[in-house]
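Taken in order, these protein sequences are the chains called A and B. For the first sequence, the working numbering gives the first residue as 127, with consecutive numbering after it. For the second sequence, the working numbering gives the first residue as 25, with consecutive numbering after it.
Keep in mind that a hint or two might mislead.
Straight-line Cα separation of at most 30 Å, DSBU-like style, residue types lysine-lysine; simulated pairs [said to hold, decoys possible]:
no. : chain 1 : residue 1 : chain 2 : residue 2
1   : A       : K244      : B       : K36
2   : B       : K172      : A       : K146
3   : A       : K148      : B       : K144
4   : A       : K140      : B       : K32
5   : B       : K36       : A       : K154
6   : B       : K98       : A       : K244
7   : A       : K781      : B       : K172
8   : B       : K32       : A       : K244
9   : A       : K146      : B       : K80
10  : B       : K98       : A       : K140
11  : A       : K135      : B       : K32
12  : A       : K140      : B       : K144
13  : B       : K36       : A       : K146
14  : A       : K135      : B       : K98
15  : A       : K146      : B       : K32
16  : A       : K154      : B       : K32
17  : B       : K80       : A       : K140
18  : A       : K148      : B       : K80
19  : A       : K896      : A       : K777
20  : A       : K146      : B       : K98
21  : B       : K32       : A       : K148
According to the in silico footprint, chain B covers these stretches of chain A (three or more CB under 8 Å from chain B) [said to hold, decoys possible]:
no. : segment
22  : 324-332
23  : 403-415
24  : 806-819
Don't read these hints as lab results, they were simulated from the structure. Ideal placement from N, C-alpha and C gives every residue a C-beta, glycine not left out.
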Amino acid sequence: MSYIGKSVKRIEDKRLVTGKGKYTDDIKIPGLTHAYILRSPYASANILGIDTSAAKSAEGVISVFVGTDIEGIRGVPTGWQVNFKNGDTMKEPAHPLLVTDAVRHVGDAVALVIAETKEQARDAADLIDVDYEVLEAAVDPAEAIKDGAPLVHEDAPNNICFDWELGNPVSEVDAALAKAHHITSLDFINQRLVPNAIEPRSAIGHYEEHNDHYTLYTSTQNPHLTRLLLCAFVLGIPEHKVRVVSFDVGGGFGSKIFHYTEEALVIWASRKINRPIKWTAERSESFLTDAHGRDHVTSAKMGFDKAGKMVALKVDTIANLGAYLSTFAPAVPTWLHGTLLQGLYTTPKIHIDLKAVFTHTNAVDAYRGAGRPEATYLLERLVDLAALEMNMDPAELRRINFIPAFNGVTEPGYQTQVALQYDSGNYHGVLDRALEKVGYKDFRKAQQESLAKGKLLGIGFSTYIEACGIAPSAVVGALGARAGLFESAQVRVQPTGKVSVYTGSHSHGQGHETTFVQVVADKLGIPMEDVDLVHGDSDAVAFGMGTYGSRSLAVGGSAIVKSVEKILEKGAKIAAHKLEASVDDLDYANGKWTVKGTDKSIAFGDVSLTAYVPHDYPQGLEPGLDFASFYDPTNFTYPFGAHIAIVEIDKETGKVTLQRFVAVDDVGNVINPMIVEGQIHGGVAQGIGQAMLEGAVYDESGQLINGSYMDYAMPRADDFPSFEVERTVTPCPHNPLGVKGAGEAGTIGSTPAVVNAVIDALWKAGFKVKDIKMPLTPERVWTAMNN
Amino acid sequence: MSNQITIKVNGKSYTREVEGRTLLASFLREDLSLTGTHIGCDTSGCGACTVLLDGKAVKSCTILAVQADGATVKTIEGMAENGNLHPLQASFKEKHGLQCGFCTPGMIMVASDFLASNPKPNEQEIRESLEGNFCRCTGYHNIVLAIKDAADTMSA
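With the rest of the complex left out, here is chain A:
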């Protein structure tokens, strides 16, 4: 049975297209109560008093809790530590489940109301009287670090969480820049985004007194880590007494990786009231409390020699982390961003200096791509701008700076100036294919002809690399991770030869129930119908590190392969016994072991049955056919690609129309091309969304002024053309499937291609604009042409 590499239709779709998915808010439990969280309307205020008496006596109300009711619980922790340049530990203020003395962003949780119905809980919350002393807020990260700015946390002077640097000594970078023939510099903002998974976050806490066990149903990408943090770091509940369940999850994009306060609140309060409690975010709460993404203020310089070879890159970034540290927040602007500044280029000197900053805004953490889109945006904007400034072709400028192709097997990996060693790559290959697909030469001709007719066309490039398949535990441990980043898998062969696969990865749209089954069925040579995937339940799956950082197949899939190999190894011993042959004389193919050169064989199902009915069985061999494995990768994986956007600008209004979007990506080997293409489509759409439409806007008092679908410009179907996607294949040399990961590639690559296309159109029309702030609204583009 050959399944790997085939566009097998998804197994999970049958329940999802018929409305039978089981998302957290769909779950009903007898005795279920409903929670509503009263949130701060102010970005910064002292709490002088809270009167809950009216709420407590309102109809249907079971309990009202405020921060002082849960004293002794510090709050939710962060999972990554980054130290100051001088070695001091980063500032790590508590993120309480409910605040006590002060609120630090709009949406900070003030009180928890539990009632028989959601409406009753919401009505009662309206009756809570909070006495706020409203204070000035620090909102803009560049302003927040100035002396005299309002402080988010008393113990973080100038609102700095940590400062950090990476790369070559700054003196060497400065010296290289001083000798450069040309320097392209750019000051820009990578704006804050709201992830906007369409399913709002939801959590049900259920304490059962009779066996002293808790169940948390939650919309998470990361059930086991949530359990670990909840038990060991927040509530101090023994881990074996908690089950975390995450069935269908309606999109994550990073925002559901993290352990959120609401999960701990419903578990804690469920024991208090001895009933199950459901909390589901309203969309306005999602806007205010789902961890946001990006939010960098950057100043960068790239130096070139006479021939256009890059000689140095110097970067200064201020990264806004929001009011509290979310689970992976410190890692995103540092180890997932600074480390990618080599890009696809041979730049010999690179330095980044970064300040991570608290503001009175919602937390910022990993959002699809997480740090890598910011690095790609930085590099690719600089390269295209440099080409315009030096009057060079942007594709050619890239070509002369590309790292030459290397396979990572017979040729070594590429050691960057910023800590990483790339695994394998062929960067010319993706660019050449993308240029061919877009018809580059013809386009340049058409562009000139259009210009003569007053029509502004532009083409923009982005050639990107990312580090995913996250990640070798020892490496990330040395970089400050407080967790390992391996994955676990169990492959359980039932006596009849049917197979249950348990993975610590979590599927929330990626199609693991199909692709992981393809891998196992293919390797075992049995029909896919004979294999099922189990995920998202900490009682069923031994352990897991969840799904993010495009890690599921590269890490979780590798763990599965290890277990399959153990199954086949033990199966061969049983088969050899039954066939009266030696293991070395057996071949395994098409679901059976055959004695080489004979027609003597035994089927997988017969071996499975023998393992569980071990009457005639190898001496000393344990019964059963069931193996667990842990896989810890030896390196990150490094997908790469070339994205090209073609835009037309309406000169009268500044409106940008995206005419074409070509993406040629290399994600290594592919198990299911249909699913990989779907991942690229969705990723590209999110990247284009950042370029053209999206951005969280806080006013100076710290109000999120576009916190609803009436105000935040979510991309719609008619904002996009059909995407033109293709792949090249450069296998990953260090994992058994040769896969690299496809979840984030589209988002990482696409954003700068669109902005570069707009800048290109403007330059060709004589408007020598270096930057337009994203999103590229008609007003901003019009202003750029009319200033």
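On the provided structure of chain A, position chain B as indicated by the hints.
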């Protein structure tokens, strides 16, 4: 304040007491346990809750359950007949028109109304018909292909 309403949903008649403020979306989910209709926002923006009300696609969070008294409603649970997927359901599966699946019921319901009025749409018309429905996973690419595929099947 309670009101008695009778609504026919997916061919079956239900009589229930509801609060005046209960939205049709909540009524379907909470009172009838038809959780295929999803709620993704609070401003009628996302379209995940789209159902057919007397044959027309409506966002079930924009109307009160009492307003639907006496009406006929079809939800995603009523689309497959006799165990056979509706052509739109089959095409969404065939063309990989869904990933996380949360927006999918709304997409299928709005598309079924759209195809009833425009059985042979072009790509642009399909894209415009989805103006009121958000998908964050697919970039809409395969949703558009799925609706085109279903249109071809249904008009064949």
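Hint check:
1. A:K244 - B:K36: Roughly 27 Å separates the two Cα atoms, so the pair holds.
2. B:K172 - A:K146: Holds: K172 of chain B and K146 of chain A sit about 24 Å apart, inside 30 Å.
3. A:K148 - B:K144: With Cα atoms ~34 Å apart, K148 of chain A and K144 of chain B exceed 30 Å; violated.
4. A:K140 - B:K32: Within the cut-off at roughly 25 Å; holds.
5. B:K36 - A:K154: 22 Å, holds
6. B:K98 - A:K244: 25 Å, holds
7. A:K781 - B:K172: The given pair, whose Cα atoms are some 28 Å apart, holds under the 30 Å limit.
8. B:K32 - A:K244: 25 Å, holds
9. A:K146 - B:K80: This hinted pair holds, its Cα atoms lying about 23 Å apart.
10. B:K98 - A:K140: It holds: about 19 Å lies between the C-alpha atoms, which stays within 30 Å.
11. A:K135 - B:K32: Violated - the C-alpha atoms of K32 of chain B and K135 of chain A are around 34 Å apart, more than 30 Å.
12. A:K140 - B:K144: Satisfied, since the Cα-Cα distance of roughly 26 Å is no more than 30 Å.
13. B:K36 - A:K146: 18 Å, holds
14. A:K135 - B:K98: 27 Å, holds
15. A:K146 - B:K32: Distance of about 20 Å is within 30 Å: holds.
16. A:K154 - B:K32: Holds: K154 of chain A and K32 of chain B sit about 23 Å apart, inside 30 Å.
17. B:K80 - A:K140: 25 Å, holds
18. A:K148 - B:K80: Holds. K148 of chain A to K80 of chain B sits at ~26 Å (cutoff 30 Å).
19. A:K896 - A:K777: 18 Å, holds
20. A:K146 - B:K98: 15 Å, holds
21. B:K32 - A:K148: 24 Å, holds
22. 324-332: holds (count 3)
23. 403-415: Held - the segment 403-415 of chain A has 3 residues with a Cβ nearer than 8 Å to chain B, which meets the minimum of three.
24. 806-819: Result for this restraint: holds, n = 6.
Of the numbered hints given earlier, the model fails hints 3, 11; all others are met.
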